[in-house]
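S.K.: Can you build the whole structure from these sequences, using the hints too?
Number of protein chains: 2
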Amino acid sequence: MTFEATLRRTAEEVEAVLDRLLSFDGAPASRVVDAMRYAVLGDGKRLRPFFVVETSRLLGVEPAYALRTGAAVECVHCYSLVHDDLPAMDDDDLRRGRPTVHIAFDEATAILAGDGLLTYAFEILGDEATHPSPAVRAELVSALAGAAGAAGMVGGQMLDLEAEKAPVGFDEIVTLQNLKTGRLFRFSCEAGAILAESGADDRSALGTYADRIGLAFQIADDLLDEEGDTAEIGKRAGKDSEAGKATFVSLLGIDAARRKAEELVEEACAALDGYGRAAETLCEAARFIVRRRK
Amino acid sequence: MTFEATLRRTAEEVEAVLDRLLSFDGAPASRVVDAMRYAVLGDGKRLRPFFVVETSRLLGVEPAYALRTGAAVECVHCYSLVHDDLPAMDDDDLRRGRPTVHIAFDEATAILAGDGLLTYAFEILGDEATHPSPAVRAELVSALAGAAGAAGMVGGQMLDLEAEKAPVGFDEIVTLQNLKTGRLFRFSCEAGAILAESGADDRSALGTYADRIGLAFQIADDLLDEEGDTAEIGKRAGKDSEAGKATFVSLLGIDAARRKAEELVEEACAALDGYGRAAETLCEAARFIVRRRK
Numbered sequence: 001m002t003f004e005a006t007l008r009r010t011a012e013e014v015e016a017v018l019d020r021l022l023s024f025d026g027a028p029a030s031r032v033v034d035a036m037r038y039a040v041l042g043d044g045k046r047l048r049p050f051f052v053v054e055t056s057r058l059l060g061v062e063p064a065y066a067l068r069t070g071a072a073v074e075c076v077h078c079y080s081l082v083h084d085d086l087p088a089m090d091d092d093d094l095r096r097g098r099p100t101v102h103i104a105f106d107e108a109t110a111i112l113a114g115d116g117l118l119t120y121a122f123e124i125l126g127d128e129a130t131h132p133s134p135a136v137r138a139e140l141v142s143a144l145a146g147a148a149g150a151a152g153m154v155g156g157q158m159l160d161l162e163a164e165k166a167p168v169g170f171d172e173i174v175t176l177q178n179l180k181t182g183r184l185f186r187f188s189c190e191a192g193a194i195l196a197e198s199g200a201d202d203r204s205a206l207g208t209y210a211d212r213i214g215l216a217f218q219i220a221d222d223l224l225d226e227e228g229d230t231a232e233i234g235k236r237a238g239k240d241s242e243a244g245k246a247t248f249v250s251l252l253g254i255d256a257a258r259r260k261a262e263e264l265v266e267e268a269c270a271a272l273d274g275y276g277r278a279a280e281t282l283c284e285a286a287r288f289i290v291r292r293r294k
Numbered sequence: 295m296t297f298e299a300t301l302r303r304t305a306e307e308v309e310a311v312l313d314r315l316l317s318f319d320g321a322p323a324s325r326v327v328d329a330m331r332y333a334v335l336g337d338g339k340r341l342r343p344f345f346v347v348e349t350s351r352l353l354g355v356e357p358a359y360a361l362r363t364g365a366a367v368e369c370v371h372c373y374s375l376v377h378d379d380l381p382a383m384d385d386d387d388l389r390r391g392r393p394t395v396h397i398a399f400d401e402a403t404a405i406l407a408g409d410g411l412l413t414y415a416f417e418i419l420g421d422e423a424t425h426p427s428p429a430v431r432a433e434l435v436s437a438l439a440g441a442a443g444a445a446g447m448v449g450g451q452m453l454d455l456e457a458e459k460a461p462v463g464f465d466e467i468v469t470l471q472n473l474k475t476g477r478l479f480r481f482s483c484e485a486g487a488i489l490a491e492s493g494a495d496d497r498s499a500l501g502t503y504a505d506r507i508g509l510a511f512q513i514a515d516d517l518l519d520e521e522g523d524t525a526e527i528g529k530r531a532g533k534d535s536e537a538g539k540a541t542f543v544s545l546l547g548i549d550a551a552r553r554k555a556e557e558l559v560e561e562a563c564a565a566l567d568g569y570g571r572a573a574e575t576l577c578e579a580a581r582f583i584v585r586r587r588k
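The listed protein sequences correspond, in order, to chains A and B.
With this note's numbering applied, the first sequence covers 1 to 294.
With this note's numbering applied, the second sequence covers 295 to 588.
Please keep in mind that the hints were generated in silico from the structure rather than gathered at the bench.
In this text the structure is predicted, and so the values were computed from the model without any measurement.
Among the hints, a few may not be true.
Said to hold, decoys possible - Heads up, simulated SDA-like pairs for lysine to any residue below, C-alpha to C-alpha not over 20 Å straight-line:
id	chain 1	residue 1	chain 2	residue 2
1	A	Lys165	B	Asp328
2	A	Lys165	B	Arg325
3	A	Lys45	A	Pro87
4	B	Lys459	A	Glu107
M.R.: Here's what the structure looks like:
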């Protein structure tokens with residue numbers, strides 16, 4: 001099976017779990033539930049859940065636990081997109097080739113749908129169905145909250161908004177992107193080790209892998225923003241460079257940015273050397289991240 | 295000590311814990327942290343934490359655990375105020391007698407500060423310092439997420455926005471308010487039983503108490519909105535009736551609404567009969583809720 005086929009199969013499994021989890025039968029406020037479903041369901045690469053599922057597979061975790069944990073991460077990722085797209089934030093009206101939530105519904109509903117998804121991620125993780133050990137569930141909650149909060153993703157989005165107003169250099173972009181996207185990738189990769197109740201060695205190897213692919217992912221995103229076209233990537237291309245925002249590409253140039261991304265992929269794969277061929281899919285995932293066209 | 299003095303003393307203890315918890319030393323995105331602190335710290339009755347602390351005291355829980363759990367609930371309560379005050383939602387510029395977060399900072403920062411506070415509540419609950427038993431921590435997370443999410447507070451705010459467009463009756467207002475404010479009160483009262491690892495009897499008694507005071511609180515709020523003045527209550531008075539929104543007062547009339555609130559207080563106190571004098575402070579809290587002037 002090609003890597004793309006493996007990714008697609010996992011995405012379908014994640015989609016089915018999300019569809020079931022987001023069916024709040026009899027919920028009185030159906031509009032916000034509709035908006036939550038609109039924000040999450042449909043085509044998405046489900047990259048973060050994929051990393052939860054693959055690191056879990058590597059360490060022998062029950063697939064059902066990994067899928068629920070992956071669904072929780074995806075809820076956090078999708079909430080962040082809904083809020084980032086709001087007029088007061090990045091003011092985007094297109095996402096995955098469809099109107100963003102505040103366009104398809106309205107701003108108030110989009111804010112609430114985001115809040116609902118963020119909250120639901122923790123409800124999923126706290127539930128016994130995610131793992132029989134409450135210690136594992138509590139650790140997943142702490143780790144996801146740390147990755148998503150003010151010292152993580154929320155802080156990264158704040159820095160990103162501030163970066164539009166003042167010039168930033170390479171180190172600041174690395175910090176910003178590590179918070180904004182890296183921390184959630186890192187959680188996704190460490191989740192396998194948490195679910196497997198693994199020791200420090202697994203956590204360290206997966207953490208290094210995650211840090212490298214997180215940065216590679218963002219460099220690849222900047223390259224896509226520079227080189228892609230709107231129809232293909234499903235959101236407005238060229239937006240960052242139009243806005244005069246510093247990106248890895250504007251700071252390094254296209255060629256050096258591409259080389260840097262490829263170096264990071266090699267480092268990511270090297271971090272998993274100890275697992276031998278069992279880690280091949282994760283290594284392919286790292287390569288996929290920099291070659292994807294959307 | 296009068297009840298007001300007891301409430302104030304607990305509020306001071308909660309404030310100290312919140313101040314410490316909201317000190318993210320060295321966090322790179324200081325603006326969002328400043329906004330989170332602005333949203334939470336300062337004078338507040340800290341009613342929800344008070345119920346966590348008092349139900350915990352009733353059941354012999356270590357006060358430090360109750361204070362951290364109370365701080366988590368207050369983070370959720372304050373995030374909901376920040377988001378509800380946004381222009382796209384209730385569009386309020388005054389809260390606790392001060393400019394709301396999106397006025398004092400800006401809309402994007404207010405959205406992020408709310409997101410950060412909601413996330414942080416779960417980080418607090420997931421942490422070992424909140425309770426040594428991971429099963430207790432996981433249950434707190436599940437219960438708070440259920441109370442705050444689309445089938446709870448977020449759903450209630452959605453219904454509230456929809457109620458501005460279509461007339462609603464008494465039963466719908468009860469459902470709406472139960473979701474919007476009742477569920478978080480209920481969590482606050484049940485938290486003591488969760489922290490104490492209590493059985494079904496305590497949970498049932500505290501749940502009944504919580505349901506009654508939650509509804510009484512909202513009726514009292516509607517009475518204040520009708521009768522209070524802006525300077526005293528610290529937010530714009532008369533807003534709901536101006537907007538033509540159905541409230542308990544508009545549906546029942548002032549006198550019947552007041553009688554209903556007092557009946558609910560008696561039922562709340564009766565639910566705690568089994569605890570004898572140990573529950574006296576909780577009973578006074580129920581009475582306070584309907585006599586408060588802000």
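S.K.: None of the hints should be skipped; say for each whether it holds.
M.R.: These are the hints, each one checked on the structure:
no.	hint	in the structure
1	Lys165/A x Asp328/B	holds (18 Å)
2	Lys165/A x Arg325/B	holds (14 Å)
3	Lys45/A x Pro87/A	violated (25 Å)
4	Lys459/B x Glu107/A	holds (16 Å)
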